[in-house]
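> First residue of the sequence shown? That's 2 in this note's numbering, and the numbers climb one at a time after it.
Check before you lean on any hint, since a few could be wrong.
Derived Cβ-Cβ restraints for the label pairs, each shown as a range [to be verified]:
1. Gly12 <-> Asp50: 54 to 60 Å
2. Gly64 <-> Leu42: 23 to 29 Å
3. Gly163 <-> Tyr49: 29 to 35 Å
4. Ile45 <-> Val14: 44 to 50 Å
5. Pro134 <-> Ala69: 18 to 24 Å
6. Ala52 <-> Phe231: 54 to 60 Å
7. Val16 <-> Pro207: 18 to 24 Å
For the record, the hints were derived by calculation from the structure and aren't laboratory data. Note that the Cβ used here is the ideal one computed from N, Cα and C, for glycine as well.
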Amino acid sequence: MNRRTALRWTGYVAVAIAFAIACAFLSNWQFTRNAERERQLGLIAANYDAAPVALRELIPAGGGFDPADQWHPVTLVGEYLTDDTLLARNRAHGGTSAFEVLVPFRTVDGDVFLVDRGWVPPGDDQPEPDAIPAAPTGQVTVVARLKPGEPLPNSGRSAPEGQVPTINLPLIAQATGQDSMVTSAYGLMVSEDPAPAAAPNPLESPSDDPGPHLSYAIQWILFAVMGFVFIWYMIRTEIRHRREDAQDAAAADAAAPASPGIAVADADAAAVPAASPRPRRRREDRKRDRDMVDEDALLDELTPR
Numbered sequence: 002m003n004r005r006t007a008l009r010w011t012g013y014v015a016v017a018i019a020f021a022i023a024c025a026f027l028s029n030w031q032f033t034r035n036a037e038r039e040r041q042l043g044l045i046a047a048n049y050d051a052a053p054v055a056l057r058e059l060i061p062a063g064g065g066f067d068p069a070d071q072w073h074p075v076t077l078v079g080e081y082l083t084d085d086t087l088l089a090r091n092r093a094h095g096g097t098s099a100f101e102v103l104v105p106f107r108t109v110d111g112d113v114f115l116v117d118r119g120w121v122p123p124g125d126d127q128p129e130p131d132a133i134p135a136a137p138t139g140q141v142t143v144v145a146r147l148k149p150g151e152p153l154p155n156s157g158r159s160a161p162e163g164q165v166p167t168i169n170l171p172l173i174a175q176a177t178g179q180d181s182m183v184t185s186a187y188g189l190m191v192s193e194d195p196a197p198a199a200a201p202n203p204l205e206s207p208s209d210d211p212g213p214h215l216s217y218a219i220q221w222i223l224f225a226v227m228g229f230v231f232i233w234y235m236i237r238t239e240i241r242h243r244r245e246d247a248q249d250a251a252a253a254d255a256a257a258p259a260s261p262g263i264a265v266a267d268a269d270a271a272a273v274p275a276a277s278p279r280p281r282r283r284r285e286d287r288k289r290d291r292d293m294v295d296e297d298a299l300l301d302e303l304t305p306r
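Modelling step: build the complete structure from the supplied sequences, incorporating the hints.
Written out as structure tokens, the structure is:
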């Protein structure tokens, strides 16, 4: 193996190692996402159908929201602040870019808690909803499931007046002027008592699909292994071709004559027999006998009878 071949094979192995490192990074990322999805499914299984408790049992006054309480139902008693109703835009519901109806709720304990009452579709002839079902007035008992607020959009997109680009609780508290609003979590409405005559479309239940993250993680590991197998196959194929080329060259050298000119001359010489001196002497003797016969005939004619 020459130096050039060694460098090429070293390059192949380096590429395989770099590819394996990238695959390991992506596989670990998918394992992390799978673990997070399993945590979310565990919260849904443990909290979604739990018995409702008072809001302050899970979020004390001035306290924060424990992520382990996500999806747990809470009971709110108080009244809606309907004048501060907002719409969260570009929400995927019903196959459209729908709106979710957000209404602050003041409890009898003095807490202001944001309730997501459901979604409404865009209008028939306009992007905004044709109608927004009003929240019930007076004292209402609401059951809602806890959910953490959303971050501000990275794109910096804004929304028209009366709408918000995302359910970011500090942004909504500022937009409504409700400084005492709980900003660590909000509620997805389950029920209202008394129930209004018309209400927004109910929000969908969370999916229990674990997602493809685990299978993707395993696939990235297999891709890393396949990278090394592919490099091994390339090197093995090159070695086999080199061996076959060397065998063909050796066979050609063994079949070729050492000196073609000499061989042809020797073959011609072998094909032509060596001249014999004896036939030449016989031809000379026969010529001499004919001369003698001619001389005898001439003497016979000259001799008188």
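> Taking the hints in turn, state whether each one holds.
Hints, one by one, checked against the model:
1. Gly12 <-> Asp50: 54 to 60 Å: 59 Å, holds
2. Gly64 <-> Leu42: 23 to 29 Å: 27 Å, holds
3. Gly163 <-> Tyr49: 29 to 35 Å: 31 Å, holds
4. Ile45 <-> Val14: 44 to 50 Å: Holds, at about 46 Å.
5. Pro134 <-> Ala69: 18 to 24 Å: 33 Å, violated
6. Ala52 <-> Phe231: 54 to 60 Å: 57 Å, holds
7. Val16 <-> Pro207: 18 to 24 Å: 43 Å, violated
The structure does not agree with the numbered hints 5, 7 stated previously, though it agrees with the rest.
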